[in-house]
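Engineer: Spelled out, the chains give:
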Amino acid sequence: MAKKLITVVKLQLPAGKATAAPPVGPALGGYGINIMAFVKEYNEKTAPQAGSVIPVEVSVFSDRSFTVTLKTPPAADLLRKAAGVDRGSGAPNKTKVGSISREQLRRLAEQKMIDMNALTVEAAEQTLAGTARSMGITIRD
Amino acid sequence: MNLTAGWLELSVAIDAEAVESVTELLAQFGYNGGVAIEHPIIPGLDGPEYTIDPALPVTVRTYVPIDEHAEDVRAQLEQRLWFLGMMRPIGALQVRALAESDWAEAWRRYYSVQRIGVRTVIVPSWLSHAPEPDDIVLSLDPGMAFGTGLHPTTQLCVQLLERYTPAGGDVLDLGCGSGILAIAAARLGAARVLALDTDPVAVDATIQNMAQNGVSGQVQAALGSLGVGASFGHWLGWDAPVAPAHAAPADGVTFDLIVANILARVLVALSADLVAALRPGGVVISSGIFFEREAEVAAAFAAAGLTCLERHQKGDWVAFVHRRPAPGGQQQGADT
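So the protein sequences, as listed, match chains D and C. Positions in the first sequence are counted from 1; adding 183 to them yields my numbering. Positions in the second sequence are counted from 1; adding 416 to them yields my numbering.
Think of the hints as simulated: they come from the structure by calculation, not from any bench. There's no promise every hint is true.
[Stated by the list, open to error] Incomplete in silico selection of chain D near chain C, CB under 8 Å:
| id | residue |
| --- | --- |
| 1 | Leu196 |
| 2 | Pro197 |
| 3 | Ala203 |
| 4 | Ala204 |
| 5 | Gly212 |
| 6 | Gly215 |
| 7 | Gly234 |
| 8 | Lys264 |
| 9 | Gly273 |
| 10 | Ser317 |
| 11 | Met318 |
| 12 | Ile322 |
| 13 | Arg323 |
Even glycine gets a Cβ: it sits at the ideal position worked out from N, Cα and C.
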């Protein structure tokens, strides 16, 4: 009998520096996964990218085995780097912290597309522009 | 582990469009910048395939230790979410207190008897098992330490210990975790086993499991490392305080067999220390090596003067057996 997928948990963690503390413990422990086994696997696979934030998708199966799929860095991370700002705006509807060009937006969309529910680069651009807006980052024409 | 009175779980339900920006916000406030994102998935009939139900919201969670700052963090986060809520629909911030015991013990329900070597059977300490005549039964409660027997690297190491444990010899288990490998070595015929780890959680688990298996006379567990191993933070990745009671084996203490199931970068850094702690003709079993990094370990061990005897792979993980050559090229048999 094939093993059945129970759930998929996505975690956003510092590459190479995951610990058994939250969010890993509560997010995975409750599904019956040995937490240190996940920590060992995540940290080894992301050690080369230390310093970045690497999201990971953990698929948990009925026999309590799990698989780990690393994702591209979060859009917010890429947008912040492109705009040259440390963090998003506290009040993005009023205070803008920076901007990126249309060309930068296009490049980010191409980079992130594999991990987005977007069928075209244009659709990926729209989603990213929405994320940028809610961080107080504007798109320059 | 972080010692704390408990944790606040801060969660919010949002639509898919808002996931990136809310995740970004929660990461600024949460412990270790960590965020958990749960999409409403509909599993396929079998295998890893799934679809996402677009009608249901996505839940995004982060955690902060309960201390004097917790309430401040909650209030700030609530305010920032309110601003985001001006631009798109955002659910109310949900707050829940959690204790470590809420998740630390949950895996026990799914932990069962497993045969992980030819003869070695792992039995959870709260279950019983009727062994075959030749079986070596290890009764184990890993707690929060690594080494349940479920991980491919543990299984590879146990299978190699079954063949390489020297009868009446001295063994070092470096990075002992739950103590599973140290106890297996003792039960497989080693006279004395030293089990070292830099994580006190692991040393406590090992001591408890030694007693449970009646090998406390053969195995000694301590906080400590070989050589440079204490300068690493936690061996599984993060910057932890170095073990205060540093119980490295004294200079000149050597072993017939070392088993080290850690990670590639640690094994590479320790390669010279491993050789120094091996008797001539002694063997080191190494694992915790992600297959993309095995060449680094192979090169470091070769440079340190070790000879590769075997390589095995299970899933993404590799284990090696190396020997420190005896002077004059005298080699002992592989299966002792």
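Engineer: At a threshold of 8 Å, is the proposed contact between Gly234/D and chain C supported by beta-carbon distances?
Structural biologist: With a minimum Cβ separation of about 12 Å from chain C (threshold 8 Å), the hint on Gly234/D is violated.
Engineer: Tell me if the interface restraint on Ser317/D is satisfied: Cβ within less than 8 Å of some Cβ in chain C.
Structural biologist: This hint holds: Ser317/D lies near chain C, its Cβ roughly 4 Å from the closest one there, short of 8 Å.
Engineer: Closer than 8 Å between Cβ atoms is the bar; does Arg323/D clear it against chain C? Give me holds or violated.
Structural biologist: Constraint on Arg323/D not satisfied, violated at 20 Å.
Engineer: How about Ala203/D: closest beta carbon in chain C under 8 Å, or not?
Structural biologist: 6 Å, holds
Engineer: Go through the hint on Ala204/D and say holds or violated, using the shortest Cβ distance to chain C against 8 Å.
Structural biologist: 5 Å, holds
Engineer: Given a cut of 8 Å on the nearest C-beta pair, is the interface hint for Met318/D held or broken against chain C?
Structural biologist: Check passed: Cβ of Met318/D comes within 6 Å of chain C, closer than 8 Å.
Engineer: Let's test the interface hint: is any C-beta of chain C closer than 8 Å to that of Ile322/D?
Structural biologist: 15 Å, violated
Engineer: Under 8 Å is the threshold here; is the Cβ of Gly215/D close enough to any Cβ of chain C for the hint to stand?
Structural biologist: For Gly215/D, the interface hint holds, since the closest Cβ of chain C sits about 4 Å away, which is under 8 Å.
Engineer: Identify whether the interface hint at Leu196/D stands, where standing means a beta carbon of chain C within less than 8 Å of its own.
Structural biologist: Constraint on Leu196/D satisfied, holds at 5 Å.
Engineer: Does Pro197/D hold up as a contact with chain C if the rule is Cβ-Cβ below 8 Å?
Structural biologist: 6 Å, holds
Engineer: Can we keep the Lys264/D interface hint, with Cβ of chain C closer than 8 Å?
Structural biologist: 12 Å, violated
Engineer: Once the shortest beta carbon distance from Gly273/D to chain C is found, is it less than 8 Å?
Structural biologist: 6 Å, holds
Figure legend: structure checked against the earlier numbered hints; hints not met, in rising order: 7, 8, 12 and 13.
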